[in-house]
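Trainee: Please model the complete structure; the sequences and the hints are all you need to start from.
Spelled out, the chains give:
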Amino acid sequence: GDSVTQMEGPVTLSEEAFLTINCTYTATGYPSLFWYVQYPGEGLQLLLKATKADDKGSNKGFEATYRKETTSFHLEKGSVQVSDSAVYFCALTQANQAGTALIFGKGTTLSVSS
Amino acid sequence: GAVVSQHPSRVICKSGTSVKIECRSLDFQATTMFWYRQFPKKSLMLMATSNEGSKATYEQGVEKDKFLINHASLTLSTLTVTSAHPEDSSFYICSARDRDRGTEAFFGQGTRLTVV
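Protein chains in written order, with our numbering: chain A, 1 to 114; chain B, 1 to 116.
In case anyone wonders, no lab produced these hints; they're calculated from the structure.
We put the CB at the ideal spot given by N, CA and C, even for glycine.
It is possible that some hints are incorrect.
Unchecked claim - Below 30 Å or equal to it, Euclidean Cα-Cα: the simulated DSS-like pairs (lysine-lysine) are:
id : chain 1 : residue 1 : chain 2 : residue 2
1  : B       : Lys14     : B       : Lys66
2  : A       : Lys68     : A       : Lys56
3  : B       : Lys41     : A       : Lys106
4  : B       : Lys41     : B       : Lys14
5  : B       : Lys64     : B       : Lys41
6  : B       : Lys20     : A       : Lys68
7  : A       : Lys106    : A       : Lys77
8  : B       : Lys66     : A       : Lys106
9  : A       : Lys60     : B       : Lys41
10 : A       : Lys52     : A       : Lys106
11 : A       : Lys60     : A       : Lys77
12 : A       : Lys56     : A       : Lys106
13 : A       : Lys106    : A       : Lys60
14 : A       : Lys56     : A       : Lys77
15 : B       : Lys41     : A       : Lys68
16 : A       : Lys77     : B       : Lys41
17 : A       : Lys68     : A       : Lys106
18 : A       : Lys52     : B       : Lys64
19 : A       : Lys106    : B       : Lys64
20 : B       : Lys66     : B       : Lys41
Claimed, not checked - Cβ-to-Cβ under 10 Å is the rule here; a few derived chain A residues that face chain B:
id : residue
21 : Ala27
22 : Gly29
23 : Ser32
24 : Gln38
25 : Ala91
Mentor: Take a look at the structure:
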């Protein structure tokens with residue numbers, strides 16, 4: 001079945017450092033890909049998404065490009081802030097199937113210090 | 001974006017009692033809602049898929065008699081943890097997809113259940 005693999009954390013960075021969180025997937029067809037963020041004690045918020053190959057999702061300085069040839073959707077940010085400290089989840093779902101749940105990676109904890 | 005409201009955000013109950021968690025889509029109709037359980041090491045486990053007007057579909061290993069799911073309307077799904085035990089303590093999150101908004105899923109704020 002479909003699955004998502006993301007790098008294990010925690011990732012610890014200093015403020016203004018460059019961030020990469022790797023995510024690869026296994027899926028049939030052409031899934032949609034997502035990054036969600038979870039702040040302590042809260043639910044998940046959509047950070048960005050891409051629905052087809054070569055699409056780049058971006059939001060709040062974060063970017064990820066849908067690479068079908070490498071089945072990857074790595075999250076990047078050029079300069080992290082303390083407020084970016086959170087857990088980041090890579091996820092996929094099969095497009096246009098509203099009855100299908102998202103499949104998540106295990107999450108990567110990011111800790112940014114000033 | 002679409003809003004999913006989950007209530008309560010925190011609940012403490014005694015062993016053997018039941019707890020109901022509500023998940024509402026506030027500004028869209030959700031024919032399908034999903035219930036997840038989040039374990040201490042962050043991973044989200046899909047528990048069940050809740051379809052309006054029909055029985056929920058449970059994932060393998062999830063006890064349907066213990067985690068009762070009802071989806072009586074297009075905007076409300078409930079998860080009832082019956083005869084709760086300390087090992088049921090966890091963070092439960094609901095999610096819904098709006099068929100008119102593509103593939104994005106919207107999440108509730110989560111419920112922290114502690115069974116003492």
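Trainee: Look at each hint and say if it fits the structure.
Mentor: Taking the hints in turn, this is what the structure says about them:
1. Restraint check: the Cα-Cα separation between Lys14(B) and Lys66(B) comes to about 15 Å, which is no more than 30 Å; the hinted pair holds.
2. With a C-alpha separation of about 12 Å, the suggested pairing of Lys68(A) with Lys56(A) holds against the 30 Å cut-off.
3. With a C-alpha separation of about 8 Å, the suggested pairing of Lys41(B) with Lys106(A) holds against the 30 Å cut-off.
4. Under the criterion of a C-alpha separation no larger than 30 Å, the hint pairing Lys41(B) with Lys14(B) is consistent with the structure, at around 24 Å.
5. For the suggested pair Lys64(B) and Lys41(B), the alpha carbons sit about 24 Å apart, so the restraint of at most 30 Å is met.
6. Straight-line distance between C-alpha atoms of Lys20(B) and Lys68(A) comes to about 42 Å, which puts the hinted pair past the 30 Å bound.
7. Only pairs whose Cα atoms come within 30 Å are accepted, and Lys106(A) paired with Lys77(A) is accepted, the gap being roughly 20 Å.
8. For the given pair, Lys66(B) sits about 25 Å from Lys106(A) by alpha-carbon distance, which is consistent with the 30 Å threshold.
9. Taken as a hint, the Lys60(A) and Lys41(B) pair is honoured in the structure, with Cα atoms around 26 Å apart against an allowance of 30 Å.
10. Proposed proximity of Lys52(A) and Lys106(A) is supported: the alpha carbons are some 23 Å apart, at most 30 Å.
11. For the proposed pair Lys60(A) and Lys77(A), the alpha carbon gap of about 9 Å is at most 30 Å, so the pair holds.
12. This hinted pair checks out: Lys56(A) and Lys106(A) have alpha carbons roughly 22 Å apart, not beyond 30 Å.
13. With a C-alpha separation of about 22 Å, the suggested pair Lys106(A) and Lys60(A) falls inside the 30 Å cut-off, and the hint holds.
14. Straight-line distance between C-alpha atoms of Lys56(A) and Lys77(A) comes to about 13 Å, which keeps the hinted pair within the 30 Å bound.
15. A distance of roughly 29 Å separates the Cα atoms of Lys41(B) and Lys68(A); the hinted pair therefore holds under the 30 Å criterion.
16. The suggested pairing of Lys77(A) with Lys41(B) holds, with an alpha-carbon distance near 24 Å, which does not exceed 30 Å.
17. For the hint linking Lys68(A) to Lys106(A), the alpha-carbon distance of about 21 Å falls within 30 Å, and the restraint holds.
18. For the hint linking Lys52(A) to Lys64(B), the alpha-carbon distance of about 36 Å lies beyond 30 Å, and the restraint is violated.
19. Between the alpha carbons of Lys106(A) and Lys64(B) the distance comes to roughly 24 Å, so the proposed pair stays at or under 30 Å and holds.
20. A C-alpha spacing of about 23 Å is found between Lys66(B) and Lys41(B), which places the hinted pair at or below 30 Å, so the restraint holds.
21. For Ala27(A), the shortest C-beta to C-beta distance to chain B is roughly 13 Å, which exceeds 10 Å, and the interface hint is violated.
22. Residue-level restraint check for Gly29(A) is violated (minimum Cβ-Cβ distance to chain B is 12 Å; threshold 10 Å).
23. A cut of 10 Å between beta carbons decides the hint on Ser32(A): the least distance to chain B is about 4 Å, and the hint holds.
24. Here the hint on Gln38(A) is kept, as its CB sits about 8 Å from the closest CB of chain B, short of 10 Å.
25. For Ala91(A), the suggested interface contact is upheld, since its CB lies about 8 Å from the closest CB of chain B, less than 10 Å.
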